[in-house]
Amino acid sequence: MMRPIIEMKNVVKSFGHFKALHGVDLQVKEGEIVVVIGPSGSGKSTLIRCINQLEEHNGGEIIVDGAEVGHGRKSTVLTEVGMVFQSFNLFPHMSVLRNVALGPVRVRGLSWAEAEERAQRLLTRVGLADQAAKYPAQLSGGQQQRVGIARALAMEPKVLLFDEPTSALDPEMVGEVLDVMQQLAKTGVTMVVVTHEMGFARKVADRVVFMDGGRIVEEGPPDEIFNTPRDPRLRSFLQAVLSH
Amino acid sequence: MATNVEALSIMSIFDTFLNWKVFVQTLPLLLSGLTTTLTLGVTAIILGFIGGLVLALLRLYASSPLRQIAVAYIDIFRSIPILVLLVVIYYALPFVGLRLSSFGAAASALSLVSAAYSAEIFRAGIEAVPKGQFEAARALGLSPWRLMSDVVLPQALRIVIPPITSNSINVMKDTALASVVAMPDLLKQATQAQALAANPTPLISAAVIYILILMPLVRLVGVFEKRLAVRGR
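The listed protein sequences correspond, in order, to chains D and W.
Each residue of the first sequence is one higher than the last, beginning at 1 in the working numbering.
Each residue of the second sequence is one higher than the last, beginning at 1001 in the working numbering.
There could be a bad hint or two in this list.
[As the list claims (entries may be wrong)] Far from chain D, some chain W residues (derived; all Cβ distances over 10 Å):
1) Val1024
2) Thr1043
3) Phe1103
4) Gln1133
5) Ala1139
6) Leu1140
7) Leu1142
8) Val1151
9) Ile1169
10) Gln1192
11) Ala1207
12) Pro1216
13) Val1223
[Unchecked claim] Calculated cross-link-like contacts (lysine-lysine; reagent style DSS-like; alpha-carbon spacing at most 25 Å):
14) W:Lys1131 with D:Lys19
15) D:Lys134 with W:Lys1173
16) D:Lys29 with D:Lys134
[What the hints assert, rightly or not] A few chain D positions that, by computed beta-carbon distances, are all more than 12 Å from chain W:
17) Arg49
18) Pro104
19) Arg151
20) Pro171
If you are wondering where the hints come from, they were derived from the structure by calculation, not from laboratory data.
Beta carbons: idealized from backbone N, C-alpha and C, even for Gly.
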C-alpha cells in the first residue's frame, strides 16, 4: 500500500466573495497519475495552485509528503512539488540551459557546472538538446513548454503539477508536449494534471477527478469516468467536450 | 546708413555674447565648474538609484509601518521643490547642529529627491513584470531575495532604462541649483566669470557645455525606447 503524498481535507478557498473551492477532499498516492477535468471556473486550477501554495487556502488542511503547508508555515516540502504552467512562464532573460539550471543551484545548492550538466541531460530527455543556448523567445510554444517541464524536473520533485500545460499551444504542438508527459508518467513520478485533453486522461491517468462548481463531483478510473459516468453534470460535460 | 547700424549691432552681439577672447580666458574656470557639476550629478544619480530601489522594495513588500514610511517619504520628496530643500538643508540644518558643505548639501538634496522619483519608476518596472514570472520563481522554491535578484529585477531594470535615464538627465540639470549655496559648479563659475569679465560670454559657453553633455543622453533615451518597442515587450 503506497502512502498518500498529497492529502487535502475539506479545503476551502475564496477570492473575496467568490468561493472557488467548497471543501475539497483529495488524496494522491505516491506514483499516482491523477488527471483533473471539469468546465472552466470549476476550481481545478485553484485546486492545484493550493497544493503548492501559489494560492493560500482559507480553510481545511493540505498535507504534502507528511508536512502541513500554508497559513504562514515556512516549509521546505514545497520544493518537492514542481509546477508546469499554462503560459510556460520561462525566464525570458536567461538561456534555456540557465532556466533549467537555476533552481538546482539556488535551492538545492548545486554548482553551476553540476546543474548545467543536469539541465543538459533533461533537455536531451525532452528532445531539446540542441536548443540549450537559445533564449525562450526563440523557441516555439511546444518547445518552450518542454523546457518548462525540464525546469520542473531539474528540482527532482516528488510531485509534478501541470496547470493546463497544452491550453496555450497551437494544435500541432500539443502532441509533442503530451508525449513528453506520457513518457514522464512511466518513470514513477507523482503527477496531478489539470487538462482538457480527454485522450491523455483516458490513456495515462490512474484516476480521473471531475470538478464542477468548486467541488469534486465524481472520481474514478478513466474507464469508469468516461464509459459509465454517473453524475448528470459529468455526463453533460463529457457530451460537450467529446461531441466534436 | 541703416546697414551700417545693423553691421554695428551684429558686431556688438558677437563682442557681447560670443567673445572669443573672454571665452578662452574663462574656459579653465568653466571646466573646473564642469568637473564639480559632473561629480555632484553622478553622486546624486548613484545614491538616488540605490535609494530609489530600496524605497520601491519597501513600498511594495515591507510590512505596515515601514511601508507607510516609504510611501510618505516618496510623496513628500516628490512634492518639495529641490531649491527649497537645498536651502533648508544648507541654511536651516546648521541651527540643529548639522552643518554640511555646499557639496554635501547639494548632493543630499538631489539624492533625496531623485530617490523618491526613482522609487516610483522602479515600482512601475517591478509591477510590469508578468505575474507568471513571480509564480514560476516561487514554484521553483526560490527565496524572496533570489526571486528578486535572479528573476524580477533583471527584467524590471530593462523596462526602466528609459525613464531612469530621463530622471538622470533631470538630476544633472538640477545640479545647477547648487550654485545658490555657493557651490562652484558650472553655473556658479560661469556667473563668476561673467562678473569678472564684465561680459556674458561665459554664460553662453556654460549653456553650450550643458547641452553638449546632456544631449547625447537625451538621444540615448530615444534609442532605448525604440529598441524596447522593437522587441515588443
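Hint by hint, here is what the structure shows:
1. The non-interface label for W:Val1024 is consistent with chain D: the shortest C-beta to C-beta separation is roughly 50 Å, beyond 10 Å.
2. Distance check on W:Thr1043: its Cβ is at least 29 Å (rounded) from any Cβ of chain D, clearing the 10 Å threshold; non-interface status holds.
3. No beta-carbon of chain D comes within 10 Å of the beta-carbon of W:Phe1103; the shortest separation is about 38 Å.
4. Residue placement check: W:Gln1133 does not keep its beta carbon more than 10 Å from all beta carbons of chain D (closest about 6 Å).
5. Look at W:Ala1139: its CB is around 4 Å from the nearest CB on chain D, not clear of 10 Å, so calling it non-interface is violated.
6. Once the 10 Å rule is applied to beta carbons, W:Leu1140 is inconsistent with being away from chain D; the minimum gap is 4 Å.
7. Remark: the non-interface label on W:Leu1142 conflicts with the geometry, its nearest Cβ contact in chain D lying 6 Å away (cut-off 10 Å).
8. The non-interface label for W:Val1151 is inconsistent with chain D: the shortest C-beta to C-beta separation is roughly 6 Å, within 10 Å.
9. Non-interface call for W:Ile1169 relative to chain D: holds, since the shortest CB-CB distance, roughly 26 Å, exceeds 10 Å.
10. The beta carbon of W:Gln1192 sits about 49 Å from the closest Cβ of chain D, which is more than 10 Å, so the claim that it is off the interface holds.
11. Its beta-carbon lying about 41 Å from the closest one in chain D, W:Ala1207 satisfies the requirement of being farther than 10 Å from that chain.
12. Chain D leaves W:Pro1216 outside its interface by the beta-carbon criterion, the shortest separation being 27 Å against a cut-off of 10 Å.
13. With a minimum CB-CB distance of about 20 Å to chain D, W:Val1223 clears the 10 Å threshold, and the non-interface call stands.
14. Between W:Lys1131 and D:Lys19 the CA atoms are separated by roughly 22 Å; this keeps the pair inside 25 Å, and the hint holds.
15. Between D:Lys134 and W:Lys1173, the direct Cα distance comes to roughly 42 Å. Violation of the 25 Å bound is thereby established for this hinted pair.
16. The straight-line distance between the Cα atoms of D:Lys29 and D:Lys134 is roughly 37 Å, outside the 25 Å bound, and the hint therefore fails.
17. Non-interface call for D:Arg49 relative to chain W: violated, since the shortest CB-CB distance, roughly 8 Å, does not exceed 12 Å.
18. Interface exclusion of D:Pro104 from chain W breaks down, the closest Cβ pair being 9 Å apart, not more than 12 Å.
19. The non-interface label for D:Arg151 is inconsistent with chain W: the shortest C-beta to C-beta separation is roughly 7 Å, within 12 Å.
20. Once the 12 Å rule is applied to beta carbons, D:Pro171 is consistent with being away from chain W; the minimum gap is 22 Å.
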